[in-house]
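So the sequence lines, in the order shown, correspond to chains V and R.
Counted from 1, the first sequence has number 108 at position 108 by our numbering; the numbering is strictly sequential.
Counted from 1, the second sequence has number 36 at position 36 by our numbering; the numbering is strictly sequential.
Mixed in with the good hints, there may be bad ones.
[As the list claims (entries may be wrong)] Straight-line alpha carbon distances no greater than 25 Å define the calculated PhoX-like cross-link-like pairs of lysine-lysine that follow: (1) V:LYS220 x R:LYS66; (2) R:LYS66 x R:LYS85; (3) R:LYS5 x V:LYS201.
[Said to hold, decoys possible] Now the in silico label distances, taken between C-beta atoms and shown as ranges: (4) R:MET1 x V:PRO214: 47 to 55 Å; (5) V:TYR87 x R:MET1: 26 to 34 Å; (6) R:GLY68 x V:GLU55: 33 to 41 Å; (7) R:MET52 x V:PRO204: 53 to 61 Å; (8) R:GLU45 x V:ASN203: 40 to 48 Å; (9) R:LYS69 x V:GLU191: 52 to 60 Å.
The hints are simulated quantities; they were obtained by calculation from the structure and are not laboratory data.
C-beta: ideal position from N, C-alpha, C; glycine also.
Here are the chains, one letter per residue:
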Amino acid sequence: MSHRLSGNEAVAYAMKQINPDVMGAFPITPSTEIPEYFADYVANGEVNTEYVAVESEHSSMSVCIAAQAAGARSVCATSSCGLALMYELLYVAASCRLPITLACVNRALSGPININHDYSDSMGARDSGWIQIYAENNQEAYDNFLMAMPIGETPNVRLPVMACMDGFITSHAVENIELLETDAVRRFIGEYNPEHYLLKKENPLAVGPYDISPYYMEHKVLEAEAMKAAKARILEVAAAFEKISGRHYGLFEEYRMEDAELALVLMGSTAGTAKAAIDKLREDGVKAGLVKIRVFRPFPGEELARALAGTRAVAVMDKSEGFSANGGPLFAETCGALYGLKERPHLIDIVYGLGGRDVRVEDIEKVFGRLANIAATGETGPVYVHMGQRSREEIA
Amino acid sequence: MIHAKDINERTPWQDLTPGGEIYEPGTARLFNTGTWRTDTPIFHEEACKHCMLCVPFCPDSAIPVKDGKRLDFDYMHCKGCGVCKEVCPFPAITMVTGGAAK
Numbered sequence: 001m002s003h004r005l006s007g008n009e010a011v012a013y014a015m016k017q018i019n020p021d022v023m024g025a026f027p028i029t030p031s032t033e034i035p036e037y038f039a040d041y042v043a044n045g046e047v048n049t050e051y052v053a054v055e056s057e058h059s060s061m062s063v064c065i066a067a068q069a070a071g072a073r074s075v076c077a078t079s080s081c082g083l084a085l086m087y088e089l090l091y092v093a094a095s096c097r098l099p100i101t102l103a104c105v106n107r108a109l110s111g112p113i114n115i116n117h118d119y120s121d122s123m124g125a126r127d128s129g130w131i132q133i134y135a136e137n138n139q140e141a142y143d144n145f146l147m148a149m150p151i152g153e154t155p156n157v158r159l160p161v162m163a164c165m166d167g168f169i170t171s172h173a174v175e176n177i178e179l180l181e182t183d184a185v186r187r188f189i190g191e192y193n194p195e196h197y198l199l200k201k202e203n204p205l206a207v208g209p210y211d212i213s214p215y216y217m218e219h220k221v222l223e224a225e226a227m228k229a230a231k232a233r234i235l236e237v238a239a240a241f242e243k244i245s246g247r248h249y250g251l252f253e254e255y256r257m258e259d260a261e262l263a264l265v266l267m268g269s270t271a272g273t274a275k276a277a278i279d280k281l282r283e284d285g286v287k288a289g290l291v292k293i294r295v296f297r298p299f300p301g302e303e304l305a306r307a308l309a310g311t312r313a314v315a316v317m318d319k320s321e322g323f324s325a326n327g328g329p330l331f332a333e334t335c336g337a338l339y340g341l342k343e344r345p346h347l348i349d350i351v352y353g354l355g356g357r358d359v360r361v362e363d364i365e366k367v368f369g370r371l372a373n374i375a376a377t378g379e380t381g382p383v384y385v386h387m388g389q390r391s392r393e394e395i396a
Numbered sequence: 001m002i003h004a005k006d007i008n009e010r011t012p013w014q015d016l017t018p019g020g021e022i023y024e025p026g027t028a029r030l031f032n033t034g035t036w037r038t039d040t041p042i043f044h045e046e047a048c049k050h051c052m053l054c055v056p057f058c059p060d061s062a063i064p065v066k067d068g069k070r071l072d073f074d075y076m077h078c079k080g081c082g083v084c085k086e087v088c089p090f091p092a093i094t095m096v097t098g099g100a101a102k
């Protein structure tokens, strides 16, 4: 079915089609519309979800954890400081191996307070043990949310999934979208049948017990192995999803990378802008390409190294700062991934778009201009720079 | 499905449960937490009237009862808090310094 929906409407609609058992609901811009739209479905009797309106995001995630441990499928939505307030519980959800699904509508973290898009919220949670999948547009936001449960609920994975989209850019912009029939969604998602859950009376269960040091490390190894196993499962689910939707998904998307010498690595809606710039540059004979990271956790390091092996210069574009004084989080991951290559491309990091600062086709073209210069001279120049800020100095 | 009694500090990570889930109740009984004790209650049976006041006050269920009579302390689980000694109306419980029951 063809429709026109905003990203938030699309994800709320995906939730309606899934008909989850429990929603932990608390509003925060720009994710507020998701629990709002969903509240309509509950009020209209279109779903039979237990809609739990709570007093904070700490509580909404707590509701999801308790519900999922009891054997219910639970969902949640949040942004920015809301995700930050969930922080403690994010780790509890992942370490208790509870496959909750969270729609994260990315927004800059305070302070200074700002409501627009960057990835500082979910990047702060990148080590929490959640699978993180990022969408470029509304269609991907919808599709990724539908794929989240079959990934997270698989017995050898059993990890929560954060389905991320860009605040306002994706969440509030209305786009054409292809929706699946609800029956097809239900068949694809299936029933949630965990082997162990609190309400299973034959099987008394304790969840989240205290773990002393002779055991904690083994449980963390189990969790790390689950995250490794998630990679193959994400691809399996993507293949199954392609059969019912006709839409192809991988760990990342390669755009005009076959013979690319200059490449970008970035995430989310900026990919659309980058594709436009690349098409333009290709007309001028520039061998430009893009790797759009879709799955950030588990990070597709080996696959990314293969995709970038033939390039000469790569710019990683980080839409969150990270304050490592050594580049943003996507840059750190990409560096780590490429280190094993015998011949590595030159690599730079460009932090851009913080707090919703616009990035235009011309900005991306400028980045490729710098990459062309690096490839020609072999001189990388400053490795870690910011883009789009006012400065007294000329910006590289 | 692995039982708590079959898990110990030599169990490899592959055999542990996801998230440390425990698939049965009452497993705290298996753990020797008496080693945490720095003071130890001593039971003087001859002075005990078996009034049972100490039993519900014990925060660790470390006072076993059989046929209406309290038995000696379960030192595997007693933390030596001394609450039993405080509530005992008779000179049936005294405390000694140190973790060992003398």
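Checklist entry - Broken hints, numbered, in rising order? => result 1, 4, 6, 7
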